[in-house]
Amino acid sequence: MSEIVFVNDNRITFQGSCSREEAAELHRALVCRLNELVERKAEQAELDLRQVNQIDACGCQLLALFLEDLRRHGITAAACHLGPELAGQISLLGFSETFSVLPPL
Amino acid sequence: MQTAHGSVEQETRLEGSEEYLTFTLGSESYGIDILKVQEIRGYDCVTRIANTPAFIKGVINLRGVIVPIVDLRIKFSVGEATYHEFTVVIIINVLGKVVGIVVDGVSDVVALPAQSIKPPPELGAALDTRYITGLGTLNDEMLILVDIEKLIGSEELQVVDHSTENIQKEVVNI
Amino acid sequence: MTTPNGEQDGIDLKRFNQVFFEECAENLAEMEQILIALGECEPDHEQLNAIFRAAHSIKGGAGIFGFDDMTVVTHVMESLLDLLRNHEIPFRPEMIDLFLEAGDAISMQLAGHREGKPVCQEAIGQVRAKLQQLAKPGANGSGALQPATEQALPRQDASPLPVRCRLTFSPDPEIFHRGIRIESIISELSELALEGEFHCRAYLAETPELEDLDPLRCVTRWEFTLASLAGREKLVEAFMFVAEEEQLQIEELPWQERRAEAAQDDGAPEAVAAAPPGRRAYDSNELATGAFGRRGAEAESSIRVNVGKVDQLVNQVGELLITQAMLAQTAAGLDPILHQALQRGLAQLERNTRDLQGSVMSIRLVPISMVFSRFPRLVRELAGKLGKQVEFRTTGEGTELDRGLIEKIADPLTHLVRNALDHGLETPQARFAHGKEPAGTLQLRASQVGGRIVIDVIDDGAGLNRGRILAKAQERGIPCSDSMTDDEVWQLIFVPGFSTAEEVTDVSGRGVGMDVVLKNVQSIGGRVQIASEAGMGSRFTISLPLTLAILEGLTVAVGGEKFIIPINVVIESLQPKPDQLKTVNGRQVVQVRGEYLPIIRLHRMFNLESQVTEPELGILVMVEGDGERGAILVDALLDEQQVVVKSIETNYRRVEGSAGATILGDGRVALILDLTELFLMHKKL
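Protein sequences appear in the order of chains A, B and C.
Per this note's numbering, the first sequence starts with residue 38, numbered consecutively.
Per this note's numbering, the second sequence starts with residue -3, numbered consecutively.
Per this note's numbering, the third sequence starts with residue 23, numbered consecutively.
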């Protein structure tokens, strides 16, 4: 179950699992965040994955598309705060480049 | 680096014969291997360089490359070192260097059969025999064949820096 | 063993040789770096893998390109490394040195192929024998000679050869809907691959608006690059029930085949030289980009370009700059009101040209780590030879400088490092006696300071010995006196033929030394400074211009010729009044704000005939360089502009007093003045 917490305006925090099962819900939340960021003319955004414990190919794709959409709107975006396990999984699935993973702030 | 001798080089070479670019220095005719010639151009806009022998006229800009100009007429004390619109510079490409030489006039490109070339004499030409590879005959006239590579590379012409070469060798040996 | 040299499947691979040479050199450097970093410590699994991969890539590449001799050492090395990886034999510290030696042997072979340098077969034989010796105990007889990778996985009867391939997987868009777990396919595939030989890259084939997206629709494509013993059938099996044939493409990357051939030391028949066509069930493109080595994935973000091409680009931008200057010069004579649009366009052109030039120049910049990385090993070996203990540190490795400078700074730096080790640092005993740590420190530090790159070689050794330098100078007949300042004394070591070593060692050599260092550094527009304190150590500082190719300069006219004075040495210019001109010791000087500066008549230096022979008729350009000041007499100041530095030496020799030449807007050549030399010439007059 993934839940989106609004901590910081430009930081999108994810929790729990980002998998196929949560895809519909995750998608809704992402669309909502996207519209909000675009409306606000934000310049950058961060996907804080610190509290994500699981991700699959479907979740990766969704986040990748989200990042892509942000960039299309001129918002610089990257994932950050990945734990080693999650980073390993993302890299195994081939998404580390797409996520342009940032070192923690 | 340009290799602009295209058209001349491409001409078919006769079996067993070499092609030479002939030019005159004073009253003598000289020939150099056409393959060493990059191009022939007029003489102008030479930037003088201080503290060099008189036969080093200076450097020119050859399409962005800086090329030294050597006046062989001064070097070998033949002809008259005058510069006008007909003064010709032969651009030579040897030893990885591009060098321009000023001569009295460029005559022709000729093919000489190898067997018609005689060994160089001991004396006679303005040019030191060390740089002469042989003598050819052309229309009953003597043609002095010059080893242009040896001449350009020679210490007396001072085009190639022999002293820095030594320094580089030393560095390797340290 | 006979192999068609550089030819495979009728494709001439010679043009790829260069790529192999470069990669091989990189692999060797990487291997050496790891080994040096290890010191005497046992490498961890990661490091062993990295060394193994380097050896393995070299061997593989050497195999494909037909440099079979290079596979010999790498092969045995690989075997030994593999035994280590699998803990079949224990690590021993001497292995590090042996691996380093092996690296040298391979370097020698590389140089043999690349530059036609002689290769000492005996040395190679020795290294090989030593490696085999170490591989023996603990290994089961001939086991050490088996191709390493075959041991890594259980052997199969068919004696499988590792296959290197790229799989492209374009799944059915419905795949997430169907509940298929792609992750497990990927992880299965990764397990089939050899360790460290699996790379996966996902990319989005289309990027629909997030809002309109069906979150379970798969738009991702995957690309896997892997080496595996499993054979393509096994690889395809991983995708069973998931992929239709057309969704999966396998390209076999060629090098494993030849690698295997090379591994069969006894000249097995050419049977495996080319894969049977039947094995290529899918599209197979062996010459696809990225097919060489493991650079496939990296190729996306960086490309390998021949330096010649970059230099060509730099030259062309230089030409453009000249053309632009020429246009500007022509347009300057036009009525600005009538040609407003033209002027605007030209201004824009100038900006664009400069931007372009900046970008192009930045391509040539490389980090100084390219030079620094050679030192850890040098220091380690030398310190061992000299019986000294050294802690070696480098900082600022990321400092970037022009590639041309990097190549030319390596020798002088090496010399300074050797000197510091040999003459600077004391033996542990001597250090101890002086109350210092037995281990000395040697630091290499690079940084950018203003428009220059500064490289320091710092040691905490004994420092330069003033007394000994003076005595030596006297002995050699070099003019000197006890009243000289320290700085002046230090300069004595740059005089040709000077050496202060008590005994000539094979480390610092004899005589030729600091003078050559200085000459080499000066030849690239650099300077060397020395700071030293007895008992505390010394610091040699090399400072270099950022780039050799472009220079901001002041154009001046002297007797019909033009010269460029680098703007960074110019303080000001003035028309002297008669009362400012004085004569000191028969030399004319100009008094500027209480300071007397020698007047350097440029026309005299360069033997030019000029109308302006006296300072009051012309202009004096005040300059400062190397802590010295002077006033250069010129006929007139022309303008200030960026010039492209061209070498005169390419086709001619060094010209005294000049640091190169440039081509002006009118197409003529102008010399760029070298202040240091000019001062020297002036003193000699």
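Each hint should be verified, as a subset may be incorrect.
What the hints assert, rightly or not - Output of the computed footprint for chain B on chain C, the stretches with three or more beta carbons under 8 Å from beta carbons of chain B:
| # | stretch |
| --- | --- |
| 1 | 212 to 220 |
| 2 | 619 to 630 |
Stated by the list, open to error - The calculated lysine-lysine pairs, modelled on DSS-like cross-linking and capped at a C-alpha distance of 25 Å, are:
| # | chain 1 | residue 1 | chain 2 | residue 2 |
| --- | --- | --- | --- | --- |
| 3 | C | Lys430 | B | Lys93 |
| 4 | C | Lys584 | C | Lys706 |
| 5 | B | Lys114 | B | Lys32 |
| 6 | C | Lys458 | B | Lys93 |
| 7 | C | Lys331 | B | Lys93 |
| 8 | B | Lys93 | B | Lys146 |
| 9 | C | Lys331 | C | Lys541 |
| 10 | B | Lys114 | B | Lys93 |
| 11 | C | Lys706 | B | Lys93 |
| 12 | C | Lys407 | C | Lys541 |
By construction, these hints were calculated from the structure, which means they are not laboratory data.
By construction, the Cβ of each residue, glycine as well, lies at the ideal position given by its N, Cα and C atoms.
Here is what the structure says about each hint:
no.: 1; hint: 212 to 220; verdict: violated (count 0)
no.: 2; hint: 619 to 630; verdict: holds (count 4)
no.: 3; hint: C/Lys430 with B/Lys93; verdict: holds, 20 Å
no.: 4; hint: C/Lys584 with C/Lys706; verdict: holds, 23 Å
no.: 5; hint: B/Lys114 with B/Lys32; verdict: holds, 21 Å
no.: 6; hint: C/Lys458 with B/Lys93; verdict: violated, 55 Å
no.: 7; hint: C/Lys331 with B/Lys93; verdict: holds, 20 Å
no.: 8; hint: B/Lys93 with B/Lys146; verdict: holds, 13 Å
no.: 9; hint: C/Lys331 with C/Lys541; verdict: violated, 29 Å
no.: 10; hint: B/Lys114 with B/Lys93; verdict: violated, 29 Å
no.: 11; hint: C/Lys706 with B/Lys93; verdict: violated, 31 Å
no.: 12; hint: C/Lys407 with C/Lys541; verdict: violated, 28 Å
Comparing the model with each numbered hint stated earlier shows that hints 1, 6, 9, 10, 11, 12 do not hold.
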